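**Student:** Please model the entire structure based on the sequences and the hints provided.
Chains as they are written, first to last, in my numbering: chain L, 2 to 301; chain U, 13 to 408; chain W, 23 to 389; chain F, 23 to 389; chain G, 2 to 267.
Keep in mind the hints are simulated off the structure, nothing from the lab. Bear in mind that the values here come from a model prediction, so they are computed numbers and not experimental data. Check each hint, because a few of them may be wrong.
[As the list claims (entries may be wrong)] Pairwise CB distance ranges, derived in the manner of DEER restraints:
| # | chain 1 | residue 1 | chain 2 | residue 2 | range |
| --- | --- | --- | --- | --- | --- |
| 1 | F | 194 | G | 78 | 34 to 44 Å |
| 2 | L | 51 | F | 114 | 52 to 62 Å |
| 3 | G | 250 | W | 245 | 56 to 66 Å |
| 4 | U | 156 | G | 250 | 54 to 64 Å |
| 5 | W | 337 | G | 251 | 54 to 64 Å |
| 6 | F | 314 | W | 263 | 27 to 37 Å |
| 7 | W | 172 | G | 4 | 36 to 46 Å |
| 8 | U | 168 | G | 67 | 54 to 64 Å |
| 9 | F | 225 | W | 337 | 14 to 24 Å |
| 10 | W | 89 | F | 286 | 50 to 60 Å |
| 11 | L | 78 | U | 391 | 24 to 34 Å |
| 12 | F | 314 | W | 245 | 27 to 37 Å |
[What the hints assert, rightly or not] SDA-like cross-link-like pairs, simulated, lysine to any residue; straight-line CA separation at most 25 Å:
| # | chain 1 | residue 1 | chain 2 | residue 2 |
| --- | --- | --- | --- | --- |
| 13 | F | 345 | W | 163 |
| 14 | F | 156 | F | 174 |
| 15 | G | 51 | U | 27 |
| 16 | W | 151 | W | 226 |
| 17 | F | 345 | W | 213 |
| 18 | W | 156 | W | 220 |
| 19 | W | 321 | F | 213 |
| 20 | F | 345 | F | 355 |
| 21 | W | 228 | W | 119 |
| 22 | W | 345 | F | 352 |
| 23 | F | 173 | G | 253 |
| 24 | W | 228 | F | 357 |
| 25 | F | 128 | F | 113 |
Cβ atoms here follow ideal geometry from the backbone N, Cα and C, with glycine treated the same way.
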Amino acid sequence: MPVLTRSQRETLTDVWLTGPATLALLIFIFLPITIVTILSFSDYQFGAGDLSWVGWENYITLFTSAIGQRAIVNTLIYVAIVIPFSVVFALLVAIGLHRMLDWAPALSRILRTVYFLPVAATLVAMAVAWQMLLHPNLGLVNKVLSSLGGAPQNWLSDRGLVLYTLAAIGVWQSVGYNMVLFLAGLSAIPNDLYEAAEVDGAGGTWARFWTVTWPMLGPTTLFVLVVTATNAFRVFETVATLTRGGPAFASETLVYALYREGFVYFKAGYASAITVIFFAILLTLTLAQMRLVERRVHYR
Amino acid sequence: QTELRVHYAIPTIWAETQDALAEAFMKEHPEVRIVLDGPAEGYPEGVQRLVRESVAGTAPDVAYVGLNRWRILEDRDLIQPLDDFLGENPEAQGYTPALLSLGHYQDTQYALATSASTLVMYVNPDLVEQAGGSMEDFPTTFDGVIELAADIDALGDGIDGVWIDRHDWRFQSLLGSYGGLPMNADETDITFDDEAGIAAATLYQRFAEEAGMPSYTDSDARQAFPAGTLGIMFESSSLQTRFEQGAGDNFEVTVRPLPIAAEDPSNVWFPTGGSAIVMLTEDPEKQQAAWDYISFVTGPEGQRIIVENTGYAPANAQVLEDRTYLGSYYDKNENARIAHTQVAQYAGPWYSFPGPEGVAVTDMIAAAMVDITEGADPEARVKELAQTLRMQLGME
Amino acid sequence: MNAIPTLELGDVTRRFGEQTVLDSISLAIPPGSFTSLLGASGCGKSTTLRIMAGLDRPTAGAVRLEGREVSALTAHERNIAMVFQSYALYPHLTVAQNIALPLTMKSLSALGRLPLLGTLIPGTAAARKEIQAKVSAAAEMLGLSHLLDRKPGTLSGGQKQRVALGRALVRDPVLFLLDEPLSNLDARLRVQMRAELVALHRRTGKPFVYVTHDQAEAMAMSDQVIVMIEGRIAQAGTPRELYERPASLAVAEFVGAHAINLITPQQGAGEMHSSAARAILGVRPEHVVPAPHGSFTAKLRSVEYLGSEIVLSLRTDQGVELKSIAPGTFEPPLPGDNVRLSFDPTCTHLFHPETGARIGGASECRS
Amino acid sequence: MNAIPTLELGDVTRRFGEQTVLDSISLAIPPGSFTSLLGASGCGKSTTLRIMAGLDRPTAGAVRLEGREVSALTAHERNIAMVFQSYALYPHLTVAQNIALPLTMKSLSALGRLPLLGTLIPGTAAARKEIQAKVSAAAEMLGLSHLLDRKPGTLSGGQKQRVALGRALVRDPVLFLLDEPLSNLDARLRVQMRAELVALHRRTGKPFVYVTHDQAEAMAMSDQVIVMIEGRIAQAGTPRELYERPASLAVAEFVGAHAINLITPQQGAGEMHSSAARAILGVRPEHVVPAPHGSFTAKLRSVEYLGSEIVLSLRTDQGVELKSIAPGTFEPPLPGDNVRLSFDPTCTHLFHPETGARIGGASECRS
Amino acid sequence: MSTLLLLAGATLILLPFIWMLSLSLKPQDEIFASTITLLPSRLEWGNYVKAFTETNIPLFLWNGFVVVAGILFFQLLFSIPCAFALAQRNFRLRTVVFGLVLAALLVPFHVTAIPIFLGLAAVNLLDSYAALILPFIPTAFGIFLFRQFFAQMSTELFDAARVDGLSETAVVWRIAFPLALPAATAFAIFSVTAHWNDLFWPLIATTSPEIATPPRGILYFRDQESGDDVGPLMAGAVIITAPLVLAFLFAQRKFMQGLAAGGLKG
Ligand SMILES: Nc1ncnc2c1ncn2[C@@H]1O[C@H](COP(=O)(O)OP(=O)(O)OP(=O)(O)O)[C@@H](O)[C@H]1O
Ligand SMILES: Nc1ncnc2c1ncn2[C@@H]1O[C@H](COP(=O)(O)OP(=O)(O)OP(=O)(O)O)[C@@H](O)[C@H]1O
Ligand SMILES: [Mg+2]
Ligand SMILES: [Mg+2]
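**Tutor:** As structure tokens, this is what we get:
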């Protein structure tokens, strides 16, 4: 007879299966988060020998300083643009490509790769290409715009515009990612539902979409929303490579702010406070999103 | 054999230079082995890395850092004073007081400049001529520059007259041209809200309003100038090589010194960009080897290598005075000569602001310049800026 | 009654690439009839149904609905209701909404269907009320009234099936198509649903076309059974015709609760039946009965007790394997014993050894 | 033979949270027997089987394998083979690999199982050869030899089923557990596989426990049928015992090809049967037969023709609904006509109106 | 109509890539030109030559491969058993662990970078492959994706394996893992593209050029101080993007299946 009881052995198995991953999560994610949270109540300067506790001061600064508020508002605006546009475009593209699979599978697959390219691209180089395309004077975008009779714009140096430019690039980056997820969702919709809709009189393009496609994509959409939201909230790389938060903090976002405060200014304490706020916003929104949508999406 | 780990940034400029320096040095000092760390992308990233590595205990022994960045390391007691090594008479080795001032803080020498650059004007002679000006009597005052720029701007579609970045270093340069200073000597007060500072800031607005300066980002401008659509560009002398390559045969990139606006030219100074070298190692034995290396790269031979490879201005008087080192180089590089003369004449420290907010406030200066370019009242805005800085830096 | 069939297929052929899935199918669905399409998996039943519904189009041939050629009409213009094998319920809609969908699509404009705005369009409220009433009536009839607010995900198989039926019923279509609607149910529920379907058919008076691969289902429910084999119609007729006069060996093998006994001429079963020497002889197990004075004997190999009946597996001395069905009350001998058997002579079938076509046998099997 | 049952459950109870799924189940599987667990969906059959296999653990009670208490052993330590309803074939392995897997796990070390390295470990080659041989033998026996290199995805239902069986067979386990292995097959294939299973059972000589909700299957195959109702054992016995002497109303309703006719005392069917006044009378449809001199009459409501038999739905004047089964050759009157019927008096059952327990009736139903 | 729109959209998406390709083939003096030309007047392979000679691109690609493969290997090694247990086993802390996973899904890496940097320094692992690989081993996204995938697989299959004598570890690696291959392909694409292109962490954790990853490698041509060396930068970008695009083309079929079968059905 084995030394351990069956329950004990089962527990050991569970530990053996989940332990390593859980431990890794704790060490590489939750331990750092804890440290960061603690530091957010201090004035710690990275590299400095000492620190003192300052209570909520960092938080107060964040919420009262113009730049801090700007970062929060900018992030929210950015997210509010990127989520709907990238999700809707991705959905349209996915539906188009899915249909194309029937009569031009090769083209459909090529286009799928094209739309996916931005996900695979190296931003260091893409940023340079974007800068050249968006050049106020020499860039293709403005040249096309003015040849169509529009007024050229300072895409990256106009304070009123820069955030929207970044958001557009954000959409460019995430359409492919979302499209792939939607395509997968589309291919999982059983064909007989479309046929039932057809027999029931919902045969038109829109009727089909609203009766079958959209509701059946519910879980996919939820997943896409969560992934897009978390990625949009974390916007950092485009800001860092294209505008460095400028001009005059017009494109400052939360993660860029925490990067700048922590890494460029070495204000680790303050950066930690930004982190905590960022995390709190993200957690709240994601939970709310899941709560609100989850029930409408899993048809039980 | 002693091993020295050396950190540097900006591989585009420095990679080959560093190899050449290390090779030349090791030939002279076979007992020392130089190991180069992988370079950092830029000076800010470089100093970030040094701070992190110091915290982690993996810092290199010697590092090249941005001239305005070594104070961050000093603030954290990460770098060693060099006074004992320099000896009694540094000037004899080519370290003039002006050059030493770049690495001097509170009576201690922490860093030595290895390469220098100041703000200059890059000019597109073709556009100047089209606008009816000439390179022979190129304006030497800001008024003249603005007038010429306005003429160039008027050439029409897609042609811009002048551009200057809205940035701390550029502002300090204009300020220096007017003879103003950002802070008082003991760093207890902001002083750029005087006449000189307001005049310097007003230039931004005048460029924009009178000469139609576009609101480019720096990369926009760096693309526009070599493309031949920008007449006059205020930029660091270190961009010379890239601009010449970019313009190719289209036009001849020409460098002109910054206008002097102060009534008393002896007050004029230009903040110096470029890099300094600092010693991080605390091991006495290594320190000696490190000093040997530092004195080699800041000495005439090292400086020759640096100037010839990077286009930076030298930071040792001996190379400038003694034509045997760089004479033939300057004969071929008129633009470099102009830029380096300006450095020799007016080199001054690139002020970094004291305390934990020191770096952060430079972004506020830049933001204020954006406001002013876009129409804010210069005087009011500069005063407000000064006041904000005093608060941030804990000067009140 | 009307002489024009509700639906007619005329020489319908359907090819997918190289493969001919339907090969010149002609059939007619009379008004008010209950027709089963019976066939093995892959024989083309669903394809036929889809062509009737307008979900698929024939490569060649005509589809006539109430005498009118309808090849040009799409599915939703034909007013045909279809129940899918997998039910194809919309998981995001409640039972009531599922049932109401076809009506909503028909009687409300696109605007009127919008959740809030819709109420503002004139006539919408009245139309909605009418739909409501029809849905309630259908639900009542199907015993779904208490489930109207549930989502399909929470229903059992039988309930789902009734919702799918409800969605078809509520429309008042000219024809109902049902694609193996019972195949997902367990045995007992299947029998029960069968009866409900028949009752439903009687109540609506509309023709039903019912696809199944279960011969028992087809036999029990239909006026007309169409047996399909590999894309062709092997036989069409009443259940009794199929059972008593199968047109071919294949049909005979397909129809009947227990597999038919087949005796080839080579097996030299001449002693069992006089015709067995030149043709394949088919006798259903229920017509091979133990009889003290039977015409031949066979050795009992195994016995399956099914309660109401007992299945005997036997082998004759010539090596012919036979099954015989005795009533449940029959006391079987021990396996290994010899049993004396006789054929019911009025219930034998003869098929051509090569073509499998029926070449003789009893014309009517009544004892 | 051995007197110790191969497997025994002693008062096994299983709760999931509040819900008691198994309530004090005791049963014994004798060596070499074929036992069916019969019950409606959700009655706890699978749970019982999983407890036997060691995949689940009883909340209370003992599991004895060959007399030894095995609660402490996990599934992979028990040497019990199990065939799942969905076959649970490993889709990424070929048929041969699927069948070989249990052997590989048993006879090769972890290292030896590695694709290339494995060949270097001493003894591996020999062990692999042996496995190969066993797999070939099992495949031969099941007629799978030509399919060994195929992936399960390309097999038909019946073939899959045989692979699943092969995987169980190859191991030489002490006991076979089969959880509704035939429920995914179509009717005809089901009957055929049934026979194959029985043959297999005979060949291996190992006890089989067979879960099903199809009473016909249970009756046809088993030595012992255990009827489970809502987590309890309602009756255990031979098929004939169950059919002829159902221990309760519930069992009687469950067993038999057609639902039993039940007549409650309130329906005042005294004229049909003398005992019907104090108890619930149960008569199977096959024992209600049209007879010219039958004891009562009923009105014919509908007729289902099944080929070998005909199901008549009738209603007496008192409103009692009855089914009767006549042979397929019977010529039924028209619906609406009256039919004279009689009960087979030796085949009636009486149940207590409240508890449902059997309180009388024929002890043996032989005519 | 919709096809035209799709093609137009694709062109928009492609625009920067076309630009990148065109720049990588342009000589210096055409890169900054006042007129827009898509095709260079002469093909300038010099940018590629420069990209190859001035930096050690083959080495960067190799490093990228080692790091990306290492990360993926350990991510799978850790997340698959955990996801399997979360989906197919019942244990007391299951909700807690799953909660941790969901929360971790939301944490951007920037937040944890510095503490991890210090931790790695403390155990002397900085500036090594380990430093590039270790922090990415815990992948909440991976655990989440695989859990969704396993959750909708039938328990019977795993029970069958248990009855067949497989231990839980064997069930995970011999049955669950091969079945999860499509999902793993999907996950691999996301993981590989993210870590291949990651610049943030390699810049923090490594200094030696010997272990530079591709983006860190082409950073060599990026320069604030004296202006980017655009031609070689773009050439380098083309070289390091190409393997990913090829990988996507190869993997896309498996990948789509994986997502379709996996977590997306809720
Ligand atoms: N869209 C299609 N493309 C190619 N072949 C098809 C298509 N639809 C059906 N088939 C083929 O046509 C044949 C008949 O298919 P169908 O679905 O009509 O059979 P069925 O009788 O309904 O079978 P089952 O009982 O399995 O549902 C099959 O061999 C199938 O493979
Ligand atoms: N893991 C579980 N947790 C909670 N309840 C369960 C679990 N497993 C089974 N049950 C419940 O136990 C009861 C019996 O389930 P079981 O699967 O044994 O039924 P069954 O007789 O095999 O039914 P079927 O014929 O449908 O397979 C059901 O009500 C089921 O909901
Ligand atoms: Mg079908
Ligand atoms: Mg079950």
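**Student:** Each hint needs a verdict: does it hold in this structure or not?
**Tutor:** Results of checking the hints against the structure:
In this structure the supplied range 34 to 44 Å holds for residue 194 of chain F paired with residue 78 of chain G, their Cβ-Cβ distance being about 35 Å. Distance hint check for residue 51 of chain L and residue 114 of chain F: the Cβ-Cβ separation is about 59 Å, which falls inside the suggested range of 52 to 62 Å. For the pair residue 250 of chain G and residue 245 of chain W, the beta carbons lie near 57 Å from each other, so the given range of 56 to 66 Å is met. Separated by about 60 Å at the C-beta atoms, residue 156 of chain U and residue 250 of chain G satisfy the suggested range of 54 to 64 Å.
Between residue 337 of chain W and residue 251 of chain G the CB atoms are about 59 Å apart, so this pair conforms to the stated range of 54 to 64 Å. The hint said 27 to 37 Å for the Cβ distance between residue 314 of chain F and residue 263 of chain W, and at roughly 28 Å that hint holds. At about 42 Å, the beta-carbon gap between residue 172 of chain W and residue 4 of chain G stays in the expected band of 36 to 46 Å. At about 55 Å, the CB distance of residue 168 of chain U to residue 67 of chain G agrees with the hint of 54 to 64 Å.
Checking the proposed 14 to 24 Å range against residue 225 of chain F and residue 337 of chain W shows it holds: the Cβ atoms sit about 18 Å from each other. About 52 Å separates the C-beta atoms of residue 89 of chain W and residue 286 of chain F, a value consistent with the hinted range of 50 to 60 Å. Between residue 78 of chain L and residue 391 of chain U, the C-beta spacing of about 33 Å keeps the proposed range 24 to 34 Å intact. For residue 314 of chain F paired with residue 245 of chain W, a C-beta distance near 30 Å keeps the hint of 27 to 37 Å intact.
At most 25 Å may separate the alpha-carbon atoms for a hinted pair to count; residue 345 of chain F and residue 163 of chain W meet this at roughly 24 Å. Taking the CA atoms of residue 156 of chain F and residue 174 of chain F, the gap is about 20 Å. The hint holds against a cut of 25 Å. Restraint check for residue 51 of chain G and residue 27 of chain U: satisfied, since their Cα atoms lie roughly 14 Å apart, inside the 25 Å limit. Our distance criterion of 25 Å between C-alpha atoms is met by residue 151 of chain W and residue 226 of chain W, whose separation comes to about 23 Å.
This hinted pair checks out: residue 345 of chain F and residue 213 of chain W have alpha carbons roughly 13 Å apart, not beyond 25 Å. With a C-alpha separation of about 21 Å, the suggested pair residue 156 of chain W and residue 220 of chain W falls inside the 25 Å cut-off, and the hint holds. For the given pair, residue 321 of chain W sits about 22 Å from residue 213 of chain F by alpha-carbon distance, which is consistent with the 25 Å threshold. With a C-alpha separation of about 15 Å, the suggested pairing of residue 345 of chain F with residue 355 of chain F holds against the 25 Å cut-off.
A C-alpha spacing of about 24 Å is found between residue 228 of chain W and residue 119 of chain W, which places the hinted pair at or below 25 Å, so the restraint holds. Our distance criterion of 25 Å between C-alpha atoms is met by residue 345 of chain W and residue 352 of chain F, whose separation comes to about 22 Å. Distance check on the hinted pair: residue 173 of chain F and residue 253 of chain G sit about 23 Å apart at the alpha-carbon level, within 25 Å; holds. For a cut-off of 25 Å, the pair hint linking residue 228 of chain W to residue 357 of chain F stands: about 21 Å separates their Cα positions.
A distance of roughly 21 Å separates the Cα atoms of residue 128 of chain F and residue 113 of chain F; the hinted pair therefore holds under the 25 Å criterion.
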